[in-house]
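Enquirer: The lines below spell out each chain.
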Amino acid sequence: MRILVENGQHSFDYLKAADIQKIMAEQSGLVWLDLNGDELDVCRMVMEEVFHFHPLAVDDALVETHIPKIDDWGDYIYLALEGVHSEQLLDDLNKSLELDVFMGRQYIVTYHPQTIRAVEVVWANCQRDARLLQRGSNYLLYQIMDELANEYMLLIDSLDEKVEDIEDQVMEQPDSDLLQSIFRIKRSLLNMRRIVAPQREVLNKLSRGDFDLVKAKERMYYRDVYDHLVRVQDITENLRDLVSGALDTYLSVVNNRLNDIMKTLTLITTLFMPLSFLTGFFGMNFFQPGGGLRNWTSSLPFFITLAIMIGLPLGMFLWMRKRDWM
Amino acid sequence: MRILVENGQHSFDYLKAADIQKIMAEQSGLVWLDLNGDELDVCRMVMEEVFHFHPLAVDDALVETHIPKIDDWGDYIYLALEGVHSEQLLDDLNKSLELDVFMGRQYIVTYHPQTIRAVEVVWANCQRDARLLQRGSNYLLYQIMDELANEYMLLIDSLDEKVEDIEDQVMEQPDSDLLQSIFRIKRSLLNMRRIVAPQREVLNKLSRGDFDLVKAKERMYYRDVYDHLVRVQDITENLRDLVSGALDTYLSVVNNRLNDIMKTLTLITTLFMPLSFLTGFFGMNFFQPGGGLRNWTSSLPFFITLAIMIGLPLGMFLWMRKRDWM
Amino acid sequence: MRILVENGQHSFDYLKAADIQKIMAEQSGLVWLDLNGDELDVCRMVMEEVFHFHPLAVDDALVETHIPKIDDWGDYIYLALEGVHSEQLLDDLNKSLELDVFMGRQYIVTYHPQTIRAVEVVWANCQRDARLLQRGSNYLLYQIMDELANEYMLLIDSLDEKVEDIEDQVMEQPDSDLLQSIFRIKRSLLNMRRIVAPQREVLNKLSRGDFDLVKAKERMYYRDVYDHLVRVQDITENLRDLVSGALDTYLSVVNNRLNDIMKTLTLITTLFMPLSFLTGFFGMNFFQPGGGLRNWTSSLPFFITLAIMIGLPLGMFLWMRKRDWM
Amino acid sequence: MRILVENGQHSFDYLKAADIQKIMAEQSGLVWLDLNGDELDVCRMVMEEVFHFHPLAVDDALVETHIPKIDDWGDYIYLALEGVHSEQLLDDLNKSLELDVFMGRQYIVTYHPQTIRAVEVVWANCQRDARLLQRGSNYLLYQIMDELANEYMLLIDSLDEKVEDIEDQVMEQPDSDLLQSIFRIKRSLLNMRRIVAPQREVLNKLSRGDFDLVKAKERMYYRDVYDHLVRVQDITENLRDLVSGALDTYLSVVNNRLNDIMKTLTLITTLFMPLSFLTGFFGMNFFQPGGGLRNWTSSLPFFITLAIMIGLPLGMFLWMRKRDWM
Amino acid sequence: MRILVENGQHSFDYLKAADIQKIMAEQSGLVWLDLNGDELDVCRMVMEEVFHFHPLAVDDALVETHIPKIDDWGDYIYLALEGVHSEQLLDDLNKSLELDVFMGRQYIVTYHPQTIRAVEVVWANCQRDARLLQRGSNYLLYQIMDELANEYMLLIDSLDEKVEDIEDQVMEQPDSDLLQSIFRIKRSLLNMRRIVAPQREVLNKLSRGDFDLVKAKERMYYRDVYDHLVRVQDITENLRDLVSGALDTYLSVVNNRLNDIMKTLTLITTLFMPLSFLTGFFGMNFFQPGGGLRNWTSSLPFFITLAIMIGLPLGMFLWMRKRDWM
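Chains as they are written, first to last, in the working numbering: chain B, 128 to 453; chain G, 128 to 453; chain L, 128 to 453; chain V, 128 to 453; chain Y, 128 to 453.
Hints were generated in silico from the structure; no laboratory data involved. It is possible that part of the hints are untrue.
Treat identical chains as interchangeable: a pair holds within one or across any two.
Heads up, simulated DSSO-like pairs for lysine-lysine below, C-alpha to C-alpha not over 27 Å straight-line [said to hold, decoys possible]:
| # | residue 1 | residue 2 |
| --- | --- | --- |
| 1 | K332 | K390 |
| 2 | K149 | K344 |
| 3 | K344 | K390 |
| 4 | K332 | K289 |
| 5 | K390 | K149 |
| 6 | K449 | K332 |
| 7 | K342 | K196 |
| 8 | K149 | K196 |
| 9 | K332 | K149 |
| 10 | K149 | K449 |
| 11 | K344 | K449 |
| 12 | K342 | K390 |
| 13 | K332 | K196 |
| 14 | K332 | K344 |
| 15 | K196 | K344 |
| 16 | K289 | K390 |
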């Protein structure tokens, strides 16, 4: 638990409810309370007793998992947001980072069980430059959401690169590792889409002016983040199509390869089966080795047989080439 | 049939219409009548003569099966809801549990042919704590629907685990049992989606304030359940995508395996066919065993043949490796 | 052509326009004129001269085929409906039964080239119980549409059973008959969907109160039929998904079977090819039967060869089992 | 270029702008100017100088190709429509026929580079019966659009027949010609859909009363054509589903056939490979023909071998039949 | 950086902010400032200090990449547009050309990092004919967007040709080069769709009259460009369907080819396997060459064997032909 106030750099750990109330009473400006890694009981106490948030909203924040959403509770707005690790594939549903935000006119309360880079960045910026806080809770929320969107951008860029790698590889060496990569990235894009769409919707509502708490002139900032997320979503959809295409290509290439192999098999079988029959025929005991049945003893039949053995496969080979089998 | 009234823990079995009417007349507070396992005639009698529900609504409740829906009949609201067994796969259409609810200002009538855990839980809670009833029929309905949504959550979580198991298994040992699991879970998710979407819509209507019977300040509770169902639906869609992906992976892996087998077949055939021809050639009766045709009797041709028999497959093997067939 | 009037059981055949007009003038109550199997000219004459329907509406009813629709012509409503044979698969586009209805305040005119069970049932009910007619044209229309919906229900139930049979069979004995069944039922569901969706829309419009002719208190009846059709549509969609799943299963099972066969082929080939080479090798004329080349005459090489011939396939067999090919 | 006026049958060729203006000034009734096969310059001159159409509308009509659309220019409505050759497959994008119509209160101007049967039919009807023109430009436009819709109907009926032929053939003799037919008809339906949907939208706008130029009582006529196009679209979608089903069936049948062939191959190989090994075994030079190694010379081993050679394939055959491979 | 003003042909390079302001102050008419290849700092300085654009809008233009969008900033409109190289396949996401436009009442500012042909064309036209500038900023924007749409048209036409080539080739010689072409064109169409849809939306907003800056009578021009883009989008969708069809055809044709090959393999194997067995049978050492076992020495069995060797394959061949395997 840490608190950032406008006029100065005061930041504390493990305060009591009374302390927070005191700080808030003293401040005329914006207060940012960040709950990160604190015990649930403490958080609940702070939310309910200091800020008097509605029990349903507190439950939403502390107990339940949500897809991004925004609820207007009159004096404050509750937002459930999702962050991402920009350097990781998002192939596990649980890798996304939940961030719960309560925005009032004079305060922002953020709650996140795991450390989120975007929050850290904004916190550090605000410590460095007090003016950022002076622009009000709307602007602070914008900053946090903008940083979250940046993480999305970085993640989608790294996914983009991976898809390009896959596309290069798929024609050259399609193996089962590549298949695994394809399925992992597919899943990652699936999760991406699942998170981005409702988060975009949250920003859409913020920028449309549905909330009394959001000042008209701040809306264009939310609109800006909204545009970023639209682009993230757009690229996500595009990458999904590309990955699907890559999978189709993979299957076609593997299929082609199987065809090639089958052709070779057929070729070999077709060339040698008749030859084997011929050698078997002259290996039968109807004929005497090196003599016996008169008409087979001269060398002529041997050389005719030899000629057939050379000519037959050659002829079949040419016939197959003509029929485009090779 | 059992009745729960606000002031006290009275609960009865097999009452007559007159008794119920008497109880209701005595009560100023909320009455919950639960019809479970009673004969259809009794239920119909109670609904029509005691509560004067519209015949169409009674038919909807007692005779017909419905997807979740909500009808406003002025003095009361009729809801057809679906519950689930949270510990079972939902792979059979008939495994879902129908729950019919009539909500008036002073009463709730629930009808369900099978026992539903969510109803039992809320009933027990209300018996334990009379204050729950004192909050009115809206809140009681919320509690029942919230418990139903919890069951959904549990079911979807168990489905989630099963999908993860499938995903782990599909790359390692794809067999036809796995295929069956995939198809069963696919079907389960299909049924899930079929139930959740209209139930969510019911809650949407309740939370939007379409009904005079629903008090404005209770709507946020329905909104909360609505959010849960949105999340259930979201996970359901996600799991459907994952299962589809697992099926694709399965098919790709099986296909790859087939390719491997075909390659081996081709390899063996390609290596041994020419050898068999060779042995057949020298097995023909043109040659005399251990002598005969002069030029074949020395050991040299034998060793040349031997060399070919060893060198040829080796050469082909290397050529195939070069063409990436192995 | 037959006429049913409220006060009494009079029903006639082959009336003239003047007669119908006379009957209608005499009646203060509802008149139901059913045109079934009559010549087009007669029907047109009745519609245009007795009821003065708009030529476009008459053309819609008599000449053209329509998907279900509803048109408001002020004094009367024209409905194009579709019935089904509940005991038949609907795999042919032309098997559905068109029913054209004109509903005025005092009359219902039905036209259907083929006998429709739903119409017969309602007709018989009305003959038996005159009160059904006394409830007005709205209620009579509801009765007809409700019976049509019942037929849908029966058909969809029988389709449901067929799909269950297919699902049972597909894992056990997937043959080309089953494939045909799958494709037929798929088509049947396709036609089902094609009919139900617009018919549902017709009922939606009736229940929404778009028409002056429909009394407010009758709307809930149409709403009831609408709910039935929503359920029919819902099951139809579900069955479509199940049938698609069954087809996927079929293909997977057949594919697996092919894999099994290919494995066996490969196994046999792989086991016997080297053996055949061995026997061929010792069948060459480089060796003398029962003697000749000294080092081959003893029994030792024979028993070594025998050992190889037994050991080699055994070894390969074990190797393949280890690689999970069996 | 030809002109049809209300009072009389006058129709001219190659008029000058002044002439047209004169004719129009003389007429109190409807004038239909049909531009077909005239040079672009002439058409442009007429449109711009006589009728004073907006340059953008003239460009739309003369230069550019459009999907069906409707533009309201105040004094006149511009429509881009598409006709079809009812007797041809629509498998080429360029086979559809563009028809541009300008409808004013007192005139209709039609432009089409190719002859369109629907236009010819309506023209002939109007020449025959002057009353058709007297009903105004709305009704004339309806007639043209109705004829266009009839052509659609004829085309879709012929497509329907072709799809039925394909469905009959696909189970019996699936060859690559059938495959080509399937792909051609698929493409034709694709083009059909592409044309019908926007044309339907044009009629929807006309029947909804979006335009001041369209009189209220004429709207029901456009509504009628709209219903026809809805039906065409409905059948198109249905046929697309059927063709997709036919393609699936084709692939399944071909796949089944491949399976049958592979089974036979496996059967033959599996039956004869062991036999070939046996014959090879006894063909080795370890044994002396007709004697040699004592224990092989009697007839008993020969008959045992013979028994194996008959019994082995028989046994395998039965085993395979049991495993359902045949 | 270059500037075009209404009264005259003045165009400059590398001006200072003060110069631009001076030029603008002097002009009563339209000023077009084109920033192409200038350093970011210079562009930012011009945008912020001369035109006082909002920092978010400047960031949108200079720093970030966007899908086409339009933002209303009151005194000016910001548009992010995408151009294409009409002579290139659009198979790379980065090949599209971003064009940022700020439109005020008296000025147009365009920014594009790469040269865009459409901009050059309009610039040249305006230099040639000063009247084009006199029609105001709305008309100038229309001209630029119309030229962009023309480039789209050219690109989509060249894609259309490529798809036709592919369709011709796919039945005749389906090889892996064709497969690559199919996947590249698929991707190109994907990118096309991604760009066209939002750009169309921009034009829709312009033509709908959402912006005070857009004069009512200019909207029909934007509507015209909108119609072009609708057509581009329509053809794109159509081509996508055709390419999908081509891919299906490709796979079917390759599959058929595989079937043919497998049939040949099976045929050869099936014909020769029994023959090989026969020759092996008579090659066993149970028989003495040219005599031995009495009953085999006469010529009769030899000729019977010969007859079998000729008759057996012939019979099988006919049987297979009957079963349609050839």
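Enquirer: With reference to the structure, classify each hint as holding or not holding.
Expert: Verification of the hints:
Taking the shortest alpha-carbon separations for K332 and K390, neither the intra-copy value of 60 Å nor the inter-copy value of 58 Å comes in at or below 27 Å. In this homomeric assembly, K149 and K344 never come within 27 Å of each other (Cα to Cα): the closest approach is 31 Å inside a single copy and 31 Å across copies. Taking identical chains as interchangeable, the C-alpha atoms of K344 and K390 are never at most 27 Å apart, the minima being 70 Å within one chain and 68 Å between chains. In this assembly of identical chains, K332 and K289 lie within 27 Å of each other by CA distance neither inside one copy nor across copies; the values are 33 Å within and 36 Å between.
In this homomeric assembly, K390 and K149 never come within 27 Å of each other (Cα to Cα): the closest approach is 84 Å inside a single copy and 77 Å across copies. For the identical chains of this complex, K449 and K332 are neighbours neither inside a copy (66 Å) nor across copies (60 Å), given an alpha-carbon limit of 27 Å. For the homomeric pair K342 and K196, the shortest alpha-carbon distances inside one copy (20 Å) and between copies (23 Å) are both at most 27 Å. In this assembly of identical chains, K149 and K196 lie within 27 Å of each other by CA distance neither inside one copy nor across copies; the values are 31 Å within and 47 Å between.
In this assembly of identical chains, K332 and K149 lie within 27 Å of each other by CA distance neither inside one copy nor across copies; the values are 34 Å within and 43 Å between. Taking identical chains as interchangeable, the C-alpha atoms of K149 and K449 are never at most 27 Å apart, the minima being 93 Å within one chain and 73 Å between chains. Neither within a single protomer nor between protomers do K344 and K449 lie at most 27 Å apart by alpha-carbon distance, with minima of 75 Å and 67 Å respectively. Taking identical chains as interchangeable, the C-alpha atoms of K342 and K390 are never at most 27 Å apart, the minima being 71 Å within one chain and 68 Å between chains.
In the homo-oligomer, the alpha carbons of K332 and K196 lie at most 27 Å apart both inside one protomer (10 Å) and across protomers (18 Å), since each shortest distance falls under that limit. In this homomeric assembly, K332 and K344 come within 27 Å of each other (Cα to Cα) both inside a single copy, at 15 Å, and across copies, at 22 Å. When the C-alpha separation of K196 and K344 is checked against a cutoff of 27 Å, the pair qualifies both within a copy, at 22 Å, and between copies, at 20 Å. For the homomeric pair K289 and K390, neither the shortest alpha-carbon distance inside one copy (34 Å) nor that between copies (30 Å) is at most 27 Å.
In summary, the structure is inconsistent with hints 1, 2, 3, 4, 5, 6, 8, 9, 10, 11, 12, 16 from the numbered list given earlier, while agreeing with the others.
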